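Sequences listed follow chains L and X, in order. Just so we're aligned: the first sequence equals residues 1 to 219 in our numbering. Just so we're aligned: the second sequence equals residues 1001 to 1132 in our numbering.
No lab work stands behind these hints, which were simulated from the structure alone. Here the structure is a predicted model, which means the values were calculated and not measured. There may be inaccurate statements among the hints.
[To be verified] Subject to a maximum C-alpha distance of 25 Å in a straight line, what follows is the list of computed DMTMM-like cross-link-like pairs (lysine to aspartate or glutamate):
id: 1; chain 1: L; residue 1: 91; chain 2: X; residue 2: 1055
id: 2; chain 1: X; residue 1: 1087; chain 2: X; residue 2: 1042
id: 3; chain 1: L; residue 1: 110; chain 2: X; residue 2: 1114
[What the hints assert, rightly or not] Sample of chain X residues at the chain L side, in silico, Cβ under 10 Å:
id: 4; residue: 1053
id: 5; residue: 1064
id: 6; residue: 1075
id: 7; residue: 1077
We put the CB at the ideal spot given by N, CA and C, even for glycine.
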Amino acid sequence: MYIIIVGGGRTGYYLTKALLDEGHEVLIVEKNATICNNIVDQMGGVCIRGDGCETTTLEEVGTARADMFIAVTGDDEDNLVACQVAKHRFKVPRTIARIRNPKNETLFKKLGVDVTVSSTNIIIEHIEEEVPTHPLIHLLTYGDRLEIVEVRIPAGATAVGKPIKELSLPTGSVLSLIIRKGQKPQVPTAKTILQADDQVIAAIAPESEEALRSALTGV
Amino acid sequence: MKVVIMGCGRVGAQLAMLLDADGHSVTVLDVNADSFRRLPPDFGGSALLGNGIDEEALRRAGIEEADAFIAVTQGDNRNVMAAQIAKHIFNVPKVICRIYDPLRRDIYETLGIDAISPTTVFARLLKEKLET
């Protein structure tokens, strides 16, 4: 595939490396001459100096034959315009924009950007996973119907000391694993009694998240 | 008419002054409080610190009730993004933005954004002046 990347910062640099390794034809468009020269020194002629929002630059790099166009500069407005020019002027089939302000997601989709990646949201999610008091963590999402979450049972929750069958769990949710400090992980049964600090891994529908949270952590 | 102007540079401030003098309700938005020094002392509208590509800031500027939105910051892309937010999210009836780059202006014109390229306009003006 021919992939054009706008922005040669850290994201653009490592993305290019990864895509080249996969055998794609990749070209970075970068405004800053120093950054551009550095990339060329390290990876060869994969970077062109220019403004990725300018029609003439995009014409020169053959945007019309690009299969994918990815804008990863640090500015949302630049990524939006680059993708819109690629989409509307050069008919690139797939455009991807990095966004900093998570609120821009709907706007970008509405304006013809095919995919948005919110670096802010991704960072927040990962940090939340590391916060020990955070009661519900998303581990994995399968499409929009199923997700795997982890819930830590806080001391004082009404669920503590109760067998699982007595909890009012949302329908369709499956508690699939209990991790207890100093013990091997166990697959819970209806009779398993929950303790404070247990980590419960559950498969649920996204809409049951709140119900599961209150059933396991409610006081 | 209620008008929100994004960017209190020379053009933004001048336009704000003219509209205010005509009795329109004007709100000027800029990321730099220092820019508001360009507004005349007797300016009757409001000056608001904020980024016009942020929906919250636009809401605070009263974009939901605005009859017109003008984007005249130094950044083409910022202007274009703000204009599209005003048009497609807030449905402001009249939206005009400045795009220095003539080619970019043409693209957004085809996308239904009312845009003026001062580059084209000024070059044409100069040519006319030379020829008369």
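Results for each hint:
Simply put, residue 91 of chain L and residue 1055 of chain X have alpha-carbon atoms about 28 Å apart, too far for the 25 Å limit, and the pair is violated. Between residue 1087 of chain X and residue 1042 of chain X the CA atoms are separated by roughly 31 Å; this puts the pair beyond 25 Å, and the hint is violated. Distance check on the hinted pair: residue 110 of chain L and residue 1114 of chain X sit about 18 Å apart at the alpha-carbon level, within 25 Å; holds. Proximity of residue 1053 of chain X to chain L holds as hinted, the smallest CB-CB distance being about 6 Å (cut-off 10 Å).
Because the beta carbon of residue 1064 of chain X sits about 16 Å from the nearest beta carbon in chain L, more than 10 Å, this interface hint is broken. About 7 Å separates the beta-carbon of residue 1075 of chain X from the nearest beta-carbon of chain L, less than 10 Å, and the hint is met. The interface hint given for residue 1077 of chain X is met, as the beta carbon of that residue sits about 4 Å from the closest beta carbon of chain L, less than 10 Å.
Violation of the numbered hints given earlier is confined to hints 1, 2 and 5; the remaining hints are satisfied by the structure.
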